[in-house]
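Chains E and C, in that order, give the protein sequences. In short: position in the first sequence from 1, add 14, done, that's the numbering used here. In short: position in the second sequence from 1, add 14, done, that's the numbering used here.
Some clues are possibly wrong.
[What the hints assert, rightly or not] Chain C is faced by these chain E residues, among others (derived, beta-carbon under 8 Å):
{"#": "1", "residue": "L92"}
{"#": "2", "residue": "A121"}
{"#": "3", "residue": "L126"}
{"#": "4", "residue": "N127"}
{"#": "5", "residue": "H165"}
[As the list claims (entries may be wrong)] If you want the footprint, here are the derived chain E segments under chain C, 3+ residues with CB under 8 Å:
{"#": "6", "segment": "66-76"}
{"#": "7", "segment": "152-162"}
Hints listed in this document are in silico derivations from the structure and should not be mistaken for laboratory results. We put the beta carbon where it would ideally sit given N, CA and C, even for glycine.
Below are the chains, spelled out letter by letter.
2 protein chains.
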Amino acid sequence: MRELPQHYGKFEKKNLETPQTIADKTNGKRYNSIMARDLYHDAVKRALQKEGWQITADPLKIPVEDTNFLIDLGAERLIAAELGSERIAVEIKVFGGVSLVADFHLALGQVLNYSLILREIDPNRKLWLAIPADTYQTFFHGRYPTRALAHIEVGMIVFNPNSEVIEQWI
Amino acid sequence: MRELPQHYGKFEKKNLETPQTIADKTNGKRYNSIMARDLYHDAVKRALQKEGWQITADPLKIPVEDTNFLIDLGAERLIAAELGSERIAVEIKVFGGVSLVADFHLALGQVLNYSLILREIDPNRKLWLAIPADTYQTFFHGRYPTRALAHIEVGMIVFNPNSEVIEQWI
């Protein structure tokens, strides 16, 4: 087994990209989407809480060798006393880039990678990709995005960022 | 079945990103990697030809509804008279971005998406992701990248851009 390179993933190391460094690199154009991401992060958190989920990790750290991958949220909900609890990991994506399809490919690759790591480290925690309802309407309800996520067994949470409600679990 | 949005994928439409528009958006930083991509494209082509592959499409157009997805190369090789020919599609990736892991996630999502489309439209053509040997050495030989590609049944071609030789089919 080879070592995982240190630059592998969103992780807790030096040189972590901050909104400012990202903005610097891209001429400021992504800065608004970074702020939107923070807003959406809280919206998804509250939407999950409304459905009885307890946020247990924010972010969820997944240790891989000498590194922690960071998935946006970890949550847990009691199903029934005898069944114990259901556990999920939620990666929130705002599609604010110049190309929806590049954003989609990036999100798809990321959740595939995370889901394979989770399957090994925490196999009972299902991974969900959370996207705002407008992104779902304009892009994700298409046949190919839905099928690609289903193929890798990653669920899709469609949330309304204004009402802070989860509209669909797909 | 829903319509595939028009902005879905690398495709033959107006508003296609050119190296210049990409450079404009990103403050010129990706321009070198675009030029590198063209060089690598020819290197992979010649490397395949050296192994007896005939390049049959450059790029390979995959029609999806009113759009053509473009995969970098299509190639074909006679296996044996009675077996007919083996057909492949090759997506070439140069990892020149600011984050290797983001480049990896993007490539992974892209080949997953393309492979699902190919499976439907041209099921006997296998998709391969071609990466230069130095990228393989620094990143892709790791356990997670290799496993993620294997999981989605996409092969990996490691090529040497200087000698224009394929070093490994993985």
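Results for each hint:
1. L92: violated, 32 Å
2. A121: holds, 7 Å
3. L126: holds, 6 Å
4. N127: holds, 5 Å
5. H165: For H165 (chain E), the interface hint holds, since the closest Cβ of chain C sits about 6 Å away, which is under 8 Å.
6. 66-76: violated (count 0)
7. 152-162: Contact hint for the segment 152-162 of chain E vs chain C: holds, 8 residues under 8 Å.
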